[in-house]
Amino acid sequence: MTASSTNSASVRVDAAVVRAIAAHAGEAGALLPILHDIQDTLGWLPPEVTPAVAHALNLSKAEVRGVISFYHDFRTAPPGRAVVKVCRAEACQARGSDALVAHAEAHLGVGMHHTRADGAVTLEPVYCLGNCALGPNVTVNGELAGRVSPARFDALVASVTKEGA
Amino acid sequence: MNTRIYVPADAAARSVGADVVAEAIVAEASRRGVAIELVRNGSRGMLWLETLVEVVTGAGRVAYGPVAPEDVASLFDAGFLTGGAHPLGHGVTEQLPWLAKQDRLVFARVGVIDPLSVADWQAHGGGRGLRKALGMAPAEIVAAITKSGLRGRGGAGFPTGIKWQTVLDTPGEQKFVVANADEGDSGTFSDRMLMEGDPLSFLEGMLICGLGVGADHGYIYLRSEYPDAERVLTAAIANARAAGLLGPNVLGSGKAFDVTLRRGAGAYVCGEETALLESLEGKRGEVRFRPPLPAVAGLFGKPTALNNVVTFGSVPAILADGPEAYAARGVGRSKGTLPFQLAGNLKQGGLVELPFGVSLSELVNEYGGGTASGRPLRAVQVGGPLGAFLPNDALVLPLDYEAFAAKGAIVGHGGIVVFDDTVNMAGMARYAMEFCAIESCGKCTPCRIGSTRGVEVIDRVRAGEDREKDTALLRELCDTMTHASLCALGGMTAWPVLSALDHFPEDFGSPGAAAEGN
Ligand SMILES: Cc1cc2nc3c(=O)[nH]c(=O)nc-3n(C[C@H](O)[C@H](O)[C@H](O)COP(=O)(O)O)c2cc1C
Ligand code: SF4
Ligand code: FES
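Protein chains in written order, with this note's numbering: chain H, 3 to 167; chain Z, 63 to 580.
If you are wondering where the hints come from, they were derived from the structure by calculation, not from laboratory data. Heads up, a few of these hints could be off.
Simulated crosslink set (DSSO-like; lysine-lysine; CA at most 30 angstroms straight-line) [what the hints assert, rightly or not]:
1) H:63 / Z:345
2) H:63 / Z:505
3) Z:531 / Z:505
4) Z:364 / H:63
5) Z:364 / Z:194
6) Z:163 / Z:194
7) Z:209 / Z:163
8) Z:409 / Z:345
Simulated DEER-style distance windows between Cβ atoms [to be verified]:
9) H:157 / Z:289: 54 to 64 angstroms
10) Z:311 / H:121: 52 to 62 angstroms
11) H:57 / Z:354: 24 to 34 angstroms
A virtual CB, placed ideally from N, CA and C, is assigned to each residue, including glycine.
Make the full structure from the sequences, and use the hints.
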């Protein structure tokens with residue numbers, strides 16, 4: 003990484019943090035909305051976020067770190083260019099999600115909870131998407147897809163796998 | 063007049079292509095030079111028929127489904143704009159037995175109206191409960207809820223009127239209403255469908271609660287897995303403000319009520335009411351010790367009426383038509399209706415709202431149509447991940463809080479998950495422990511450590527080295543978790559585990575597995 007790209011990345015982080023804090027200034031219990039806002043913009047929560055948010059909300063860094071680590075949604079490492087989630091909860095299991103998880107891992111070439119080495123895709127479990135009559139369910143970059151057969155899975159992630167190849 | 067066509071924008075319908083179907087219909091209509099009006103409604107709840115397209119005809123709304131984009135041209139060819147016959151046609155929607163036999167109070171408008179139109183909502187009876195409530199004293203509102211027998215739909219079944227009474231009776235300048243829209247239980251989606259299909263009625267329930275308990279502000283804690291509900295609620299709140307339903311002067315009454323929508327961050331335990339409050343306050347979602355009750359000292363230490371989405375959704379009808387009409391439905395101490403959610407391996411999954419007392423068998427076999435795979439049904443889990451697994455012979459059970467409790471099971475949020483005979487119940491028991499380990503808030507050792515140990519012990523039982531000893535150990539561990547956990551996550555994980563072991567011992571490696579400890 004060159005000095006200027008490091009710089010522009012940290013400027014981007016600063017801007018996202020400032021914007022999020024301003025948007026929720028004065029709101030009671032604003033930590034989660036602020037963290038969500040920053041992650042919506044940046045895709046994850048880089049380490050510089052913690053001290054900046056702690057300072058703005060008059061919290062300790064440990065408190066902010068504690069909150070970030072508590073919630074499954076908050077990322078402390080950048081995700082792949084695509085995020086694929088497969089529902090592992092009971093109703094989807096009853097419709098074959100275990101086999102779909104195995105298929106997803108094999109097809110994408112990455113294990114659950116991991117980002118592929120080329121950075122193309124992160125594969126994660128999710129526990130119920132509220133579509134339990136039409137499982138197994140998958141989200142690709144947040145878009146919900148139901149009744150996902152292996153063939154439908156391959157079609158859903160086609161753009162992802164192509165990019166990585 | 064343009065022919066009006068309904069294509070659901072509910073997340074379930076979108077998950078199987080409703081957006082593409084809607085686009086195809088618009089494109090085909092314009093190609094043929096036909097003028098149509100497309101409305102994106104909620105879902106009627108017949109999820110196996112999604113995408114369910116409805117056309118308004120002289121005979122009523124006529125249903126076609128499941129429609130795929132490639133069916134659209136043939137629907138036009140068949141004259142579906144005037145209700146023409148087509149292989150995907152089902153006739154008049156409201157006459158479909160699956161729908162006609164239901165008793166929809168909470169879901170009366172879901173799938174019927176444009177969820178974002180205040181005018182359409184009012185034309186279909188929306189707001190009647192609120193108007194009544196605006197003419198009543200707070201204590202009268204709470205008394206009506208108490209009289210209706212309404213119990214919390216989030217899982218615990220606590221009488222809503224008693225909770226509201228506590229908030230009303232607790233002195234305080236500032237009180238809050240909080241809606242629990244965390245809906246984390248697998249097999250449940252009624253909160254989501256109500257928020258997406260009739261958000262204004264849900265808000266109406268919160269408003270009536272605010273008038274009853276003396277709160278002028280509400281928070282909605284919505285799980286992050288529901289982005290569609292977030293979009294719909296955001297728009298509905300804006301529309302409600304514009305229409306004067308929310309704001310400093312609700313419908314000109316001089317009373318104020320407004321809401322703030324908050325997004326969760328992927329933690330099952332944040333559905334537990336005190337963990338939810340911690341999360342709303344911007345903290346780790348750790349369960350609080352009780353007392354104090356949230357009704358006395360809840361959000362930011364203020365008296366707080368916290369209820370499930372469907373609990374709020376049940377309120378408008380109680381005010382509009384009277385608590386007696388509500389209490390006349392149901393059985394025993396389970397009054398009114400529950401929107402049951404048919405999920406998992408069922409042919410006809412979806413949402414069925416009926417009075418309590420309907421049997422599990424009627425829901426699973428008649429409404430659900432049996433397993434989707436066509437294989438024999440083996441187990442049913444009611445009430446989410448902390449609910450017991452029930453064998454086939456328990457299908458006679460009526461859906462009633464007390465009848466379920468007597469069998470060591472729960473009705474919970476009304477989710478019913480069906481498994482066919484390919485399920486391995488030892489695997490499901492293991493998953494229950496694993497889920498508890500993943501989602502534990504970490505406050506108590508039996509839950510945090512016990513669940514991880516539980517996974518290991520179940521693995522050892524299945525491996526079978528010393529099955530008798532390990533089975534006894536598993537039961538002991540379950541006992542400790544049940545009795546020494548602060549909340550129901552650690553406290554009820556034993557239910558799915560032990561019910562699997564008791565009813566399906568053969569899956570744990572030997573028929574003797576269950577003998578121990580019985
Ligand atoms: C681990 C756990 C998860 C829960 N999840 C939810 C939930 O997602 N939604 C909900 O309404 N209640 C949930 N509850 C129940 C709530 O603690 C609380 O009883 C309920 O929201 C109160 O509202 P009600 O009286 O209207 O049901 C959960 C409880 C526990 C112990
Ligand atoms: S039982 Fe588990 S989830 Fe509940 S308070 Fe204890 S550690 Fe937290
Ligand atoms: S269990 Fe997968 S969507 Fe509910």
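Right, here's what the structure says about each hint:
no., hint, in the structure
1, H:63 / Z:345, "holds (13 angstroms)"
2, H:63 / Z:505, "holds (21 angstroms)"
3, Z:531 / Z:505, "holds (29 angstroms)"
4, Z:364 / H:63, "holds (27 angstroms)"
5, Z:364 / Z:194, "holds (27 angstroms)"
6, Z:163 / Z:194, "holds (29 angstroms)"
7, Z:209 / Z:163, "holds (26 angstroms)"
8, Z:409 / Z:345, "violated (42 angstroms)"
9, H:157 / Z:289: 54 to 64 angstroms, "violated (22 angstroms)"
10, Z:311 / H:121: 52 to 62 angstroms, "holds (53 angstroms)"
11, H:57 / Z:354: 24 to 34 angstroms, "holds (32 angstroms)"
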